[in-house]
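Go ahead and model the full structure; you've got the sequences and the hints to work with.
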Amino acid sequence: MSKRDIIICRCEDVSLADIHEALDMGYRDFESIKRILRVGMGPCQGQSCAHLVKNEIARYNKVNPETVKIHKTRPLISGVVLKDIAESDEDE
Amino acid sequence: MINRDLVIVGGGPAGLSAAKVALDAGMKVTLIERFNQLGGQLIKQTHKFFGSKLQYAKTRGFDIAKILIDDLNGFSHDQLEILLDATCVALYPDKVLTVYQYGKYMKYNAKSVIVATGASEKILAFENNDLPGIYGAGAIQTIMNIYGIQPGKEVVMVGSGNIGLIVAYQLLQAGVKVSAILEAASYIGGYLVHASKLKRLGVDILTNTTVKKAVGEEKLEKIITVKLDEKWQEIPGSEAEMDTDVLCISVGLSPLHQLMSMAGVKMVDISELGGLVPKKTCDYETTVDNVYACGDVTGIEEASSAMVEGRICGLMAANHLGFKHPNGEQLEDDLNNQLCVLRQGPCGEKIRCGLKKVGEI
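Sequences listed follow chains A and B, in order. Residues in the first sequence are numbered from 1 upward in steps of one, following my numbering. Residues in the second sequence are numbered from 1 upward in steps of one, following my numbering.
The hints are simulated quantities; they were obtained by calculation from the structure and are not laboratory data. Please note that the accuracy of each hint is not assured.
Stated by the list, open to error - Calculated lysine-lysine pairs in the DSSO-like style (CA-CA distance at most 27 Å, straight line):
#, chain 1, residue 1, chain 2, residue 2
1, A, K72, B, K266
2, A, K3, B, K212
3, A, K83, B, K266
4, A, K62, B, K95
5, A, K83, B, K357
6, B, K111, A, K72
7, A, K54, B, K227
8, A, K72, B, K357
See below:
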C-alpha cells in the first residue's frame, strides 16, 4: 500500500503518509498538524478532511475519535475577495 | 448593516419550513441560500418519499421542494427577502452575519438566527482516491438529476445506506450499469425494500467488502476490492479486481457546523449524528441566545424530520421574540408528536441514541 497515494486533504494535497510522518514527529493534535501540513486551511476549511485526520489521530493516540478536537473554526468560511470587503458600503 | 427579525441560513427542507412558520407569525425574514435555487437536496431527489402524509410521503423530492417554495408565495418583499447564490460566510455571537453574493459583501444584524446549513459528504481514504471518475453520491445526483448528464458507463457504489441504494437505482433508471454495491459492514445499511428492488434488477450487494485501491492512468479504469473480517480488518489474499469507470462514494454525511462553531455555540462530537452538532434546548435554541438550529446540521437524518424540525424552529424563534403564530400552541404539540412518530421503530434507533448522547440543555 502506498500511503503517498491516499489523499486525506484534497484542498492542500496532504497524503496519509504526511499525516503519519507528522504524528511520528510528535505532532499529536489537530491544531499542531494543521500548522505544519495546512490540513483544514484550504477552500473547504476542513469539512472534507477533518473526520479522516481526526480518526488517524485517534488511532495513533489510542483514544475514541469523538474525544479528538478538530481545529478552531474562524471566520470566514469561504474565500472572499479583500477588495469586496474594503468596498462594502459601511457607515459605522 | 441590514436589520431583520430573523435570518435563516440554508434554503433546504429545514430552512424553507422554518421560514413559512416564522412568516405566518409575522416576522420579517431573510433566507440565505448558497445555490442558485431553493430546495436543498430535495431538488435532486427523483424518488417518492416514505413516511407520513404530513411530510408529503408518496411525493417525489423535487415536488416537495416545489410545495415548500410555493408556501412562501404571497409574502411582500418587505416581509420576506430571499438571497440566492449567496453564502453566509460568518456568524458572530451578537448575531451579526456577513453574506457574500455576486462580489457584494453585506452585513446583517438579526434578532434571531436559524442555522439550517445541512451537511456535506464524507470522503473515504484509499489508494488513488483522487483519480477522476471517483464521485460522492451527492455529486452524481447533481450532475445526473439536475443537469441531466450521465456520470459514466458503469458504476461501483461504495456504501449500502439509503442514499447509496437510491442513487444506485437512479443510475439504473438513467441507463447506467451498476456493477455492484460494496458494504464494509456485515449487513445492508438502508431499507431492505430498496435493496430488494436492486437485487431483482441484478445488482449484487457485497457485504464485508470495501474498496482498497483505484487504478487508472488519466482516469479511473478499475478498482481493487478487499474483504473485511468482523473487526473491519482486511483479509489478506481476498483482493479482487473490478473494471469500472465510475466509483460512487456514499459513506455518510457530516454536518456543516462551521457557522455555529465560530459563533461560540457549544458543540459536541457524536458519531451517530455524523460529527459536530450543537447542544440545544427542547426549543431548539443553542447555547447562544436566539440562535437556533434544525435539519441535518443538528444530526444526519431524513428530509422529513428536517421539515418538522424547521417548523418547530420557526415557531420557537417567533415565540421568543413575542410574535404570535395564529395556531401556535396546537402546532407545537402536533410537530413534536410528528417527530416522535418519525423516530419510532428500529430505523430511528441510531438517531434516538445520538440525540440522547447530545442531551438537552
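Review point. Which hint numbers doesn't this structure obey?
Key: 3, 4 and 5
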